[in-house]
Amino acid sequence: MTVLADANLRLDANAVDYVLLGTYFALVIGIGYLARRRVSTSLDFFLSGRSLPAWVTGLAFISANLGAIEVMGMSANGAQYGMPTAHYFWVGAVPAMLFLGVVMMPFYYGSKVRSVPEFMLRRFGPGTHLVNGISFALAQILIAGANLFLLASVVNLLLGWPIWVSVIVAAAIVLSYTALGGLSAAIYNEVLQFFVIVAALLPLTLVGLYKVGGWQGLVDKVSAGPGGPEQVDSWPGNQLTGFDSNLLSVIGLVFGLGFVLSFGYWTTNFVEVQRAMAAKSMSAGMRTPIIGAFPKMFVPFIVIIPGMIAGVAVTELSGANKEALLAGEEAPSGATFNNALLLLMRDLLPNGMLGIAITGLLAAFMAGMAANLSSFNTVFTYDIWQSYIRKDRPDGYYLRFGRIMTVIATVLAIGTAFIASTYANLMDYLQQLFSFFNAPLFATFILGLFWRRMSPAAGWSGLVSGTAAAVLVFVLTESGVWAMPGQGGAFVGAGAAFVVDIVVSIAVTVATRPKPAAELVGLVYSLTPKEDRTPSRTGEDAGWYRNPTLLAGIALVITIVLNIVF
Amino acid sequence: MTSSGTPAGRSRTRRAGAFDIRLIIALLIGVYGLVTTVLGIWFTPDSEIDRSAGVNINLWAGLGMLVLAGLFALWTWLRPLRVPVEEEEGEQPAE
Numbered sequence: 001m002t003v004l005a006d007a008n009l010r011l012d013a014n015a016v017d018y019v020l021l022g023t024y025f026a027l028v029i030g031i032g033y034l035a036r037r038r039v040s041t042s043l044d045f046f047l048s049g050r051s052l053p054a055w056v057t058g059l060a061f062i063s064a065n066l067g068a069i070e071v072m073g074m075s076a077n078g079a080q081y082g083m084p085t086a087h088y089f090w091v092g093a094v095p096a097m098l099f100l101g102v103v104m105m106p107f108y109y110g111s112k113v114r115s116v117p118e119f120m121l122r123r124f125g126p127g128t129h130l131v132n133g134i135s136f137a138l139a140q141i142l143i144a145g146a147n148l149f150l151l152a153s154v155v156n157l158l159l160g161w162p163i164w165v166s167v168i169v170a171a172a173i174v175l176s177y178t179a180l181g182g183l184s185a186a187i188y189n190e191v192l193q194f195f196v197i198v199a200a201l202l203p204l205t206l207v208g209l210y211k212v213g214g215w216q217g218l219v220d221k222v223s224a225g226p227g228g229p230e231q232v233d234s235w236p237g238n239q240l241t242g243f244d245s246n247l248l249s250v251i252g253l254v255f256g257l258g259f260v261l262s263f264g265y266w267t268t269n270f271v272e273v274q275r276a277m278a279a280k281s282m283s284a285g286m287r288t289p290i291i292g293a294f295p296k297m298f299v300p301f302i303v304i305i306p307g308m309i310a311g312v313a314v315t316e317l318s319g320a321n322k323e324a325l326l327a328g329e330e331a332p333s334g335a336t337f338n339n340a341l342l343l344l345m346r347d348l349l350p351n352g353m354l355g356i357a358i359t360g361l362l363a364a365f366m367a368g369m370a371a372n373l374s375s376f377n378t379v380f381t382y383d384i385w386q387s388y389i390r391k392d393r394p395d396g397y398y399l400r401f402g403r404i405m406t407v408i409a410t411v412l413a414i415g416t417a418f419i420a421s422t423y424a425n426l427m428d429y430l431q432q433l434f435s436f437f438n439a440p441l442f443a444t445f446i447l448g449l450f451w452r453r454m455s456p457a458a459g460w461s462g463l464v465s466g467t468a469a470a471v472l473v474f475v476l477t478e479s480g481v482w483a484m485p486g487q488g489g490a491f492v493g494a495g496a497a498f499v500v501d502i503v504v505s506i507a508v509t510v511a512t513r514p515k516p517a518a519e520l521v522g523l524v525y526s527l528t529p530k531e532d533r534t535p536s537r538t539g540e541d542a543g544w545y546r547n548p549t550l551l552a553g554i555a556l557v558i559t560i561v562l563n564i565v566f
Numbered sequence: 001m002t003s004s005g006t007p008a009g010r011s012r013t014r015r016a017g018a019f020d021i022r023l024i025i026a027l028l029i030g031v032y033g034l035v036t037t038v039l040g041i042w043f044t045p046d047s048e049i050d051r052s053a054g055v056n057i058n059l060w061a062g063l064g065m066l067v068l069a070g071l072f073a074l075w076t077w078l079r080p081l082r083v084p085v086e087e088e089e090g091e092q093p094a095e
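Quick mapping for you: the protein sequence lines, in order, are chains A and B. Once you know that position 355 of the first sequence is 355 in our numbering, the rest is easy, because the numbers rise by one and skip nothing. Once you know that position 34 of the second sequence is 34 in our numbering, the rest is easy, because the numbers rise by one and skip nothing.
For the record, the hints were derived by calculation from the structure and aren't laboratory data. Be aware that one or more of the hints could be misleading.
Claimed, not checked - Cross-link-like lysine to aspartate or glutamate pairs, in silico, DMTMM-like; alpha carbons within 20 Å at most:
#: 1; chain 1: A; residue 1: 391; chain 2: B; residue 2: 46
#: 2; chain 1: A; residue 1: 211; chain 2: A; residue 2: 428
#: 3; chain 1: A; residue 1: 391; chain 2: A; residue 2: 118
#: 4; chain 1: A; residue 1: 211; chain 2: B; residue 2: 46
#: 5; chain 1: A; residue 1: 112; chain 2: A; residue 2: 478
#: 6; chain 1: A; residue 1: 515; chain 2: A; residue 2: 118
Claimed, not checked - With beta-carbon atoms standing in for the labels, derived distance ranges:
#: 7; chain 1: B; residue 1: 70; chain 2: A; residue 2: 560; range: 42 to 52 Å
#: 8; chain 1: A; residue 1: 394; chain 2: B; residue 2: 34; range: 45 to 55 Å
#: 9; chain 1: A; residue 1: 220; chain 2: B; residue 2: 34; range: 45 to 55 Å
#: 10; chain 1: B; residue 1: 53; chain 2: A; residue 2: 553; range: 32 to 42 Å
#: 11; chain 1: A; residue 1: 468; chain 2: B; residue 2: 70; range: 53 to 63 Å
#: 12; chain 1: B; residue 1: 71; chain 2: A; residue 2: 15; range: 28 to 38 Å
#: 13; chain 1: A; residue 1: 554; chain 2: B; residue 2: 45; range: 38 to 48 Å
#: 14; chain 1: A; residue 1: 521; chain 2: B; residue 2: 70; range: 43 to 53 Å
#: 15; chain 1: A; residue 1: 422; chain 2: B; residue 2: 77; range: 34 to 44 Å
#: 16; chain 1: B; residue 1: 45; chain 2: A; residue 2: 422; range: 33 to 43 Å
Remember, it's a predicted structure, so these values are computed and weren't measured experimentally. The C-beta atom is built at its ideal place from N, Cα and C for all residues, glycine as well.
Sequences are here, hints too, so could you generate the full structure?
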């Protein structure tokens, strides 16, 4: 990493770029401050109680999930694996988003459960609630580390400071920004960063393509490179999964990534589900993730393609360097795939556009880390500390406690940033985390939703054993007992976690007593009346273009077409 | 689920005005578009244009951003967002 501090690898930002950067943060913090002072809390409209049209919640939904980790991680993936990375969008996100909209949202919206820990508490009771709270808090800290590390690598390229100084400086910046701007600023930032990133990436992609000779030129160059021609087609993606067999690779992608990891991520994700919950009606709530699925389909083109271009056009990442990195060694240039996007920006963007690109990335990491910190803070303070450790204190106590926890969480994130920095490709790190935390959660969640007999004891024991199974797979692949390059280890881990969780839950349920049916109304599918789950078709929800199921069908068809073409 | 379709619910709303997210997007992207367009026309050195394969990225991206900002401003103007007004300061929003 230290090699990157060399002057020739620096981003050549000048005064104009810094002014554009300053403008952004002045605007966000200023708006946050004014919104807090001048307007009543109802203007914090992403959180306001069910009053928003679908386009606002849809906008918030898209922005909340198109964060910087995705931009950097997916371009790193693009440089390393090529087109198969698109599976993260077309297999790994869109179907799950549609499922969330059509099947889960009516249920969430109708039952008025606000968060996943709250669902766990009401469906299973305190044991499961506590296990879920702890694993959620842990996951947030580990993901915050990835955000912090990426933020630091931008600071490192900009200013040339060593990575450990950059990490600490970046942490200090995030903390002071959170304190200065408050929640309103964080939410405006979350939406704005998305538009700034698109404004920077779209031209970068087009010019990059132009430079390498158009799409055909890119295909020729990537095919001739170390990754070979299979990097320009999305299927079967053997390099991504690490399987030699095409069939196993496809199964791994569809079941591991497409089903367990992505359904687990999308249907239980706290932050995003909350955005949809702010919608005006059940129909609008259902449309929120479906509207989000449309831009999601096309995001791969502005993040993966720049990564692929970097893999052939950036000196530090192409040829012998890419070959060494693919073999799991250090590249002679000292760069890693995580640097793909930054290096391409350095090569192509003039001052001005460079400033906008830097702003977009910095804002996105801030938004991502601020979201991690605040969800950690909420869950740790209210779901763990207040529920199980110090009950019945005045509100002021928990407020102060929450502030202290934010500082502690930032310090812990500095630690996890160094774990994240050991991965040459951050998506490997993140998929690993999702296999530990999201896959078992999804299994417990879905089983508890559709099987009314599932008992409270099965809830927590399923979660614990599912996570243990994923950790075991991780240890086996890491220690080399079970060789699995690529992200196949995470896919297998997710599959194992899911299966073990289901098996243990069923076994425990058979041996223990279920909750009485009266306590499960609105929490279990079969016990929830149908009219509570059906969206309205009148008034502001009328018209075919507002029909959630039809919209979902259109999205699905486009996704299938994309899969066939690429 | 408070009733939001009734006439009484209607009178308790007001325009989001300057805090409408679309207007803020239009403002930010508009300023960025203006700055990069100006840079692209007068201040981007030929060496930088050569580096990006002869394309004047600042100019084209700047114009694109100005168009996008215009569309968002138009949308805000044509379909203003109404948000509910709370009766009392500090009251929690209804379920």
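These are the hints, each one checked on the structure:
1. A:391 / B:46: Between residue 391 (chain A) and residue 46 (chain B) the Cα gap is close to 67 Å, so the pair fails against 20 Å, i.e. violated.
2. A:211 / A:428: Violated: residue 211 (chain A) and residue 428 (chain A) sit about 30 Å apart, past 20 Å.
3. A:391 / A:118: holds (17 Å)
4. A:211 / B:46: Between residue 211 (chain A) and residue 46 (chain B) the Cα gap is close to 16 Å, so the pair holds against 20 Å.
5. A:112 / A:478: With Cα atoms ~42 Å apart, residue 112 (chain A) and residue 478 (chain A) exceed 20 Å; violated.
6. A:515 / A:118: Since the Cα atoms of residue 515 (chain A) and residue 118 (chain A) sit roughly 16 Å apart, the hinted pair holds (cutoff 20 Å).
7. B:70 / A:560: 42 to 52 Å: violated (35 Å)
8. A:394 / B:34: 45 to 55 Å: Given about 51 Å between the Cβ atoms, the range holds.
9. A:220 / B:34: 45 to 55 Å: violated (39 Å)
10. B:53 / A:553: 32 to 42 Å: holds (41 Å)
11. A:468 / B:70: 53 to 63 Å: Taking Cβ atoms as reference, residue 468 (chain A) and residue 70 (chain B) lie about 55 Å apart, which means the hint holds.
12. B:71 / A:15: 28 to 38 Å: holds (30 Å)
13. A:554 / B:45: 38 to 48 Å: holds (47 Å)
14. A:521 / B:70: 43 to 53 Å: holds (51 Å)
15. A:422 / B:77: 34 to 44 Å: Check failed, 51 Å falls outside 34 to 44 Å.
16. B:45 / A:422: 33 to 43 Å: holds (40 Å)
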